[in-house]
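If you read the sequences in order, they're chains A and B.
The first sequence begins at 1 in the numbering used here and counts up by one.
The second sequence begins at 1 in the numbering used here and counts up by one.
Among the hints, a few may not be true.
Coverage of chain A stretches by chain B, computed from C-beta distances (three or more under 8 Å per stretch; other residues unrestricted) [unchecked claim]:
no.: 1; segment: 58-70
no.: 2; segment: 75-83
no.: 3; segment: 86-94
no.: 4; segment: 102-108
no.: 5; segment: 123-133
Keep in mind that the hints were calculated from the coordinates and are not lab data.
Please read these numbers as outputs of a predicted model, since none were measured by experiment.
All residues carry an ideal CB built from backbone N, CA and C; glycine is no exception.
So you can see what is in the structure, the chains are spelled out below.
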Amino acid sequence: MRWLTLSLFFLVAACGPTYRMEAPDGLVKYDKGHGKFAWTTADGVRVKARDVKNEPKAELPFWTDATQRHLTARGYTKKAERCFTTKLGAKGCTLEWLAPRGNEDWVYAVSIFVTDDRVTLVEAAGPFARYVAIEAKLAKALETFEPGS
Amino acid sequence: MRTFLLLFLLLPSALYAAEPAPLPAHATRTEESEHSARQTAMDATLMLKVAHPDQVRRQVLDLVKQAGGYPTYVADGRLDLRVPPQQVESLMTQVSQMGLILGRTLQRSDRTEVIADLQARLRTKRDIFQRLRSFLDDSNVAATLKVERSMTALVTDLERLRGELEVEEANVRNASLRVSFQFHQERRVDQVTSPFAWLNTLDVEQFLGAF
Chain A
1 MRWLTLSLFF LVAACGPTYR MEAPDGLVKY DKGHGKFAWT TADGVRVKAR
51 DVKNEPKAEL PFWTDATQRH LTARGYTKKA ERCFTTKLGA KGCTLEWLAP
101 RGNEDWVYAV SIFVTDDRVT LVEAAGPFAR YVAIEAKLAK ALETFEPGS
Chain B
1 MRTFLLLFLL LPSALYAAEP APLPAHATRT EESEHSARQT AMDATLMLKV
51 AHPDQVRRQV LDLVKQAGGY PTYVADGRLD LRVPPQQVES LMTQVSQMGL
101 ILGRTLQRSD RTEVIADLQA RLRTKRDIFQ RLRSFLDDSN VAATLKVERS
151 MTALVTDLER LRGELEVEEA NVRNASLRVS FQFHQERRVD QVTSPFAWLN
201 TLDVEQFLGA F
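In isolation and in its complexed conformation, chain B is listed as follows:
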């Protein structure tokens, strides 16, 4: 009975501690941010028009392999690649020289706060989990069932947080680079009227129709 009462007193406070941004966790996060380098994720795209996409695709894959990267998606018109962040700009320059550049973007986002927050929440949940496990040793059946229910919920949270953290860390470890070879998938021709009549006759379809 004493154990049961103890559980009733401890569980709400333990679960409250699991809420985001608890004070000790926040303090730890600040310390970590100060002592470690900023964690940056890079996302780059390159739209390239080449006469022989098959040949260029092979060359790009070879370059990426040499740079320590790997493909995550390979198709006729597109390559999705993961490459070490320090190699991204050099790779983009090399790939750009293989054809006509139609578009180029490079985006950096600071994930330091997000990663620190996920790490702190994960630590807090793990602590709660350990505390709950210790209650199991000397509790009765009803209390055990309650503790088990709480632990099951915590395991789900832990798995989700661990997954999110792994994704964030992977995004920092390797930059994402998408090389697209097909222009028609990104653009379309609109009907726009010019005040100069003959300009309205400039059109690939009209040209082919009148040939």
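Pulled out of the complex, with its shape left as it was, chain A reads as follows:
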């Protein structure tokens, strides 16, 4: 019984948080069979969620500001910022950036959700024209995002 309990614990720990989001039009799940929360469009715009530790413990405005300062210092150019509340009441902010990549201009977007000791990041990236084509659909889908537990 003790082995069974331990096995279940590791299984849950290995799986990590269960993110949920209504499927945005034009994007399909791309989990390669290992349960990652990842989506892609046919033309290569990619979306993926991950968790990082909320360390030092801070609220959403702090991390939004810190992200903005860091990416600006790195040479990214801010395209847009949008803060919203999801249908289930989670507060999130999406920061969209322009990033030079080879001979192309890319958009790199980071949506931040803060839940106690976790910060959930939903990152998205794609060449400018392709990203712009799905950005409204993605913004709408993000309003249904659940950071899980």
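Keeping the supplied structure of chain A fixed, place chain B upon it in accordance with the hints.
Frame of chain A; chain B shown alone:
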């Protein structure tokens, strides 16, 4: 012989008169500055990110044509345009509405002094040229050769000054407007370390690598 001596006396003074800022020319320049409007050159840039650059490029070229301007360079990522100065700000506003503005500059420089100075120097050189030509009528071979050498040098100076003046006047007549559609040509991503560890993982390349 008398002509030859006369030339020797006149040439140095004539050439001295060709030096910049001679008194009569300066006086004329001041009068001109007082009586004419300031001559201003405008230089504007616009960095614009759009989803469909081909379509926007065509729209911009149409707008510029309607405004009485013309392109001097057309490429996928950039348009160099010359437009009437009074149309620049209105054009920039219209073009800005076609996409996401990443940078916008508008610089004015007063060229009145430079143009007046070039005009005065050109006038002085022309006067000297006319005087030298009049010496040719009654001079001997040696003097003629000397006068011709001086005239050749003057022609070179005249052409150079005329060119400079034309460029300055063209810059005043038409403002320069550069519209750039490509961000990656202007920027690069640097490695900057944040004290907050996870911020260092925010990067388009890392994101794509881990996808």
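The hints, checked one at a time:
Remark: the segment 58-70 of chain A is confirmed as covered by chain B, as 3 of its residues place a Cβ nearer than 8 Å to a Cβ of that chain, reaching the required three. Given a C-beta distance limit of less than 8 Å, the hint that chain B covers the segment 75-83 of chain A holds, as 4 residues qualify and 3 suffice. Coverage of a stretch by a chain is defined here by at least three residues with a beta carbon nearer than 8 Å to that chain's beta carbons; for the segment 86-94 of chain A and chain B the count is 0, and the condition is violated. Given as covered by chain B, the segment 102-108 of chain A passes the check, having 6 residues with a CB less than 8 Å from a CB of that chain where 3 are the minimum.
Residues of the segment 123-133 of chain A with a Cβ under 8 Å from some Cβ of chain B number 6, which satisfies the need for three, so the listed coverage holds.
Violated hints amount to a single one, hint 3; each of the other numbered hints is respected by the structure.
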